[in-house]
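Asker: Residues per chain are reported as follows:
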Amino acid sequence: MDIIACIKRVPQTAEADVKIDSSGKDIVKDRLQFDMNESDTYALEEAILLKEKFSGSLTVISVGTFDAEDTLRIALAKGADNAIRIKAEDFGELDGYKTAQLLKAVIKDLKHDAIFTGCIATDDYYSQVGVTLAELLGMPHASLVTKIEIDGNTVHAYRELEGGLLEHLAMSLPALFTIQTGINEPRYASLIAIRRAAKKEIKVIGKEEINAEDIVSFSSLEKLFTPPVGERAEILSGTLDEIGTRVQGIVKEKGLL
Amino acid sequence: MAEIFALVEHRQGAVRDITYELLTCGRKLATAQNTKLTALVFASPADKIVESIQERADRIIVMEHGVFENFNAEIYQLALRDILEKEKPHVTLIGHTAFGYDLCPALGAEMGIPFATDCLDIEFTGSRLRVTRSVYDGKLDAHVLLKEHTSYLVTLRSGCFTPEEVSLATEVVKQESPVTEQPEYRKFVDYIEAAVGEVDITKADIIVSVGRGIKEQANLPVMEEFATAIGGVLSCSRPVVDAGWLPKDRQVGSSGKTVKPKLYIALGISGAFQHIVGMKGADTIIAVNKDPNAPIFNEADYGIVEDLFKVVPVLKEKILDAKKLKG
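Chains F and B, in that order, give the protein sequences.
Once you know that position 116 of the first sequence is 116 in my numbering, the rest is easy, because the numbers rise by one and skip nothing.
Once you know that position 194 of the second sequence is 194 in my numbering, the rest is easy, because the numbers rise by one and skip nothing.
Excised from the complex, chain F in its bound form (with noise of 0.2 Å):
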C-alpha cells in the first residue's frame, strides 16, 4: 500500500505568550518553539502504523520553509521511507486553498492508496486542506477520523460527531482522511533513528516544478488582531492563602457546596 502523509510545521502556542509582530499580519515567533501540528503527528502515526499492516511505502509532504525539513526529518525517523518539502517562499501568502493546490501538484504523479492529513492545523486553525486536497484529487474522504479498520478492499472509517458520538462509513480506497487527535498514541523517534534521517535525503519541489500562476488563493490575510474581551474573570491575587480564602468566601457565599 503506498500512503502519503501531510504534515505541516507549526509554532507551538497553546501555552505561549503570542505577540503581533510590526506588519500586522503575523507573529513574533523568535521565542516560540516550533513542532509538528499536533494532529499531524496522529496523522503520521495512523500512516506508520498502516504501512507496517500491509506494507508499501509512506512519502511525507510538507508545504513550509527550510526549518521544515526538521520537521519532515523526524516523520523519516518516526518510519517514513521519503520526504517531499514544497517550498512555501516560491508562493508568496498561503490560504487553505492555495495549500491544498501544491500539495495536489506534487500528489498527483505519486502513487497514493491513502492520504492522511491532520483536521486542523493549530496556527491559523482552517482545517480545510484535507477536504479540498481530496476534491482537488477527484477522492474521496473522511475528516474528523478517530479509528479506521481495513477489511479486504472496504475501510471502515469513524467519524467524530458532536457530543461523543461516532458517525461510520464504509469507504473503498483510494481516500483521504483528516485525523483528529488521540485515534492512536504517537511514536517518538529514536536518537539513532534521527541520526539516520538527518543523512536522508529530502527532495525540494519549487516554482521550477509548479507553476505559480497556476496556483490561485481564496482569500487573504487583512490583520491580526487581540481578540476583543468581554467580561474578564475577576483575578484574585494575594498569597496562596489569602486566595484560599477568597474562594472559600466566595463557595459558601453562594451555597455552592
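Misleading hints may appear alongside valid ones.
[Claimed, not checked] Estimated spans, in silico, between C-beta atoms of each pair: (1) D30(F) / D190(B): 46 to 54 Å; (2) D321(B) / I235(F): 16 to 24 Å; (3) E234(F) / D200(B): 26 to 34 Å; (4) P292(B) / D21(F): 16 to 24 Å.
Treat the hints as calculated values from the structure; they're not laboratory data.
A virtual CB, placed ideally from N, CA and C, is assigned to each residue, including glycine.
Dock chain B against chain F, hints included.
Answerer: Only chain B this time, still in chain F's reference frame:
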C-alpha cells in the same frame, strides 16, 4: 440582489442548534444586502425539520429523499451544487460542525467558489466579504478578506450568534433531489453512541476539570482526590483523553459532554473554544492557569494565575473547611 442561503443541519431527526445561529447570521447579512434569506433543508422525513424553522427564513427549499436521512458529505455536496448552480446565492452559510467541516471545502473546491472556514463573524466590505476568525490556539483573531467573486461559502463557528425569534412569511419550495443513492465509495453505515462510563459528569454539581497543565498521568490521583474530597467529580479537556489518561466520558467540550454544574474548577485548561462550549453553562467557574493570557480567563468568573500544583492543596483545605462549617 443575490440571496443569502443557510444550510439546515439536523441529526437523528432533530434540528441542530447551529441551524438557528446560521439563520440569525443569515438574516443579518440579508438585511445588510437588502436581499432575502433562504434555508436549505435536505431531509427525510422533512416535515418536522421544516416546521422547526418556519418563519425564520423568507424561503425554505426542501429536498426530501431517503438519501438525506443521515448526513453524508458526498450526497450533500451533490445536492448543494445542484441548487447553487441554479440559484447562484451570494453567500451560503454552513455550520462549522463535524458536518460542515466535511462538506464546505470540497464543495468550494469543486465549484471554484471562495470559501472561509470556522468564522466568528462575517461582513460585507464593498463587494468583498470580510470574515473574522480565531487563530493561534485562540490567542489572536484575524480579519480575512475573500477573493472577489459572485458567490461565497462560509462555515460559522457554534455559539457566535444568539438565535433570535422572528416571524417572517416563509415560502416553502420543494425540489427534486439530484441524487438518489449513496455512492459506493462512501456509505453511511450507522451512528455509534459513546460508551457510558461509571461516572456521569453531566449530573454533578461540582466538577474539577484538568487539562494539559497537569503535565503527567501521575498527577491525576491528587486531582481526583481533590474532586472527591470537595464532593465533586473529575473531568478533563481533550488533551487528557488524547493522552489516554482519562476515558472519553470524562471529556468536557464539543466532542465530549456539555456540563452545567454549580461549581466548575478548571485546572491547567487553556480554554480552547471546543472546551468552552461544553462548560460555559456552569454557574460559577474558577480557573487556575499559569498563563495570564489563557483564553479560559475570558470565560471564568474568578481566575487564579498560579501553578496549579501549589493552588490545589490550599483550595482543598479551604473548601473542606467551608464544608465543615456548613455541616
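Asker: Going through the numbered hints above, which ones does this structure break? Give me the numbers in ascending order.
Answerer: none
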